Structures are given as C-alpha cells and as structure tokens.
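Student: Make a model of the complete structure from these sequences and hints.
Below are the chains, spelled out letter by letter.
Number of protein chains: 2
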Amino acid sequence: MTTQKPMTTQDVANRLVSLCREGKVLEAGEELYADNIISLEPNSLQSPRLEGKKAVREKGNQFAAMIEATHGGHISDPIVAGDYFSIAWLMDVTMKGQGRTKMEEIATYKVKDGKIEWKQFLYSM
Amino acid sequence: MTTQKPMTTQDVANRLVSLCREGKVLEAGEELYADNIISLEPNSLQSPRLEGKKAVREKGNQFAAMIEATHGGHISDPIVAGDYFSIAWLMDVTMKGQGRTKMEEIATYKVKDGKIEWKQFLYSM
Chain A
782 MTTQKPMTTQ DVANRLVSLC REGKVLEAGE ELYADNIISL EPNSLQSPRL
832 EGKKAVREKG NQFAAMIEAT HGGHISDPIV AGDYFSIAWL MDVTMKGQGR
882 TKMEEIATYK VKDGKIEWKQ FLYSM
Chain B
782 MTTQKPMTTQ DVANRLVSLC REGKVLEAGE ELYADNIISL EPNSLQSPRL
832 EGKKAVREKG NQFAAMIEAT HGGHISDPIV AGDYFSIAWL MDVTMKGQGR
882 TKMEEIATYK VKDGKIEWKQ FLYSM
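Keeping their order, the protein sequence lines are chains A and B.
Using our numbering, read the first sequence as starting at 782 and increasing by one per residue.
Using our numbering, read the second sequence as starting at 782 and increasing by one per residue.
What the hints contain is simulated information worked out from the structure, not anything from laboratory work.
Note that the structure is a prediction, hence the values are computed from the model and not measured.
Be aware that one or more of the hints could be misleading.
Pairs involving identical chains hold if they fit within one copy or between any two copies, as the list cannot separate such chains.
[What the hints assert, rightly or not] Derived DSSO-like pairs (lysine-lysine); straight-line CA-CA distance at most 27 angstroms: (1) K805 x K840; (2) K900 x K883; (3) K834 x K896; (4) K834 x K893; (5) K835 x K900; (6) K805 x K893; (7) K896 x K840.
Tutor: Printed below as a string of structure tokens:
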C-alpha cells in the first residue's frame, strides 16, 4: 500500500484550469469535487446553493445541455492563497432559446485534502 | 461642468492593487469604497458582515493598529470578470500579542459606477 500526499491548492488549481481549457468541465468536477461539496451562486435565482456532488453534477449537466454553440472563451491562470484559489472565466456561447451571450465570472474554490469542498461563482447580471 | 466616465472594473482593480502595494491600504478604501459598501469575511467570528464605509473604515483602522511589524507580503495582479475582480494577498506580519503570522487570502471585489460596493475576504483558518 502506498500513501500519496494529497494535491496542494496550486496542484488542484492547475489541474482544474487545464481540464476546463480542454473543454472537460464536467470531467474536472468528477475528478476534483469532494462528495460533500458546497456550491454557491449568490446571483442565481434557481440554485443559489447546492450541496453534494450529485446535485452539482446534475446542475452542470443541465447547463452543458443548454449550450448550443461555443464561440470562444478564456480561463485565466489561477491566483492562489492558502486553501483558496480563483479564476476569471469568460464564455462566449449561444444558449438554447436565449441567443448568443457573453458570460463573465469570478470562480473561487476552496481545497481540502486535495479535493474542492466549496466553490462560489460570481457573475455580473 | 465636465462629465467623467466612471472607472472600469479593470481601472479600479489596478488602482487598488497599486495603492495597496505601496502600503496605502486605508487610503485605497477611502478613495475606492462606495458609501454603502458591504464587506463579507465569512470566516471571521467578530465581523462576518459589515455595512457602510464608516464601519469598514473602523475595522480597517483596528486591524492596522494591531500590526506591530510587517516582514513581507505579496499582492497578485488582479483577475477581472465583468463587475468582479479578485486578488491573492499574502501578508507576513507580527500582530500585537499574537506573534508572527502569515496570512493568505483571496480578496474579491464588485465594482459599480467606478466604486467598490461589495468585497469578500476568504482566508484559511
């Protein structure tokens, strides 16, 4: 039996950014989210707070299914402080029934034992 | 009478970082905080939420008065998305009665009409 050290905050940040830049956003969640993750989107009317990997996965699947076309986007390098890291995420997408839209958000994550146990998405309304 | 366009999120972010890197943290608040600013520190027992520039100023003055010596620190370049920006802030300080400590936080700010109307400090416990 080998004991692996858990990934650091910087490791998790780099891995998340790397996967999401490849378009593997849902895969990133599967790999990096803790089972008991808390997800906050204070500006969301539908789901300002979700708890648990299953609920977050369902929300992610729903969002992905709403994207008709991706025209561009940008994910910044992460900034890291202690257990937390943040990225700036710009999406230029056509959403089903809503037309083309540019979404900009600051996504912040908290890491514990190599997994993301808390995340917060702040986007402009 | 001239009408000036309010500073953009990027402008405010650059100005805040520039002042804080010069050690002018309190001055940055005076210049950039909106009168009705909301300040969140969810990990703080004493003041998880403050409202208004006066309350935030008092908290800032108290914190500054607690710092006995500054040994180092680092403020990252800001990442910007829409109305929000974040910085990673590392402080290496001796606090009165508490000894030397390294504090690391992700500070996130929301800008409206060229002023910071909301801020959130997330630090590791």
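Student: Take the hints in turn and mark each one as holding or not.
Tutor: Against the structure, the hints:
{"no.": "1", "hint": "K805 x K840", "verdict": "within (15 angstroms within a copy, 42 angstroms between copies)"}
{"no.": "2", "hint": "K900 x K883", "verdict": "both (21 angstroms within a copy, 24 angstroms between copies)"}
{"no.": "3", "hint": "K834 x K896", "verdict": "within (11 angstroms within a copy, 36 angstroms between copies)"}
{"no.": "4", "hint": "K834 x K893", "verdict": "within (15 angstroms within a copy, 34 angstroms between copies)"}
{"no.": "5", "hint": "K835 x K900", "verdict": "within (15 angstroms within a copy, 30 angstroms between copies)"}
{"no.": "6", "hint": "K805 x K893", "verdict": "within (22 angstroms within a copy, 33 angstroms between copies)"}
{"no.": "7", "hint": "K896 x K840", "verdict": "within (19 angstroms within a copy, 33 angstroms between copies)"}
Figure legend: structure checked against the earlier numbered hints; every hint is met.
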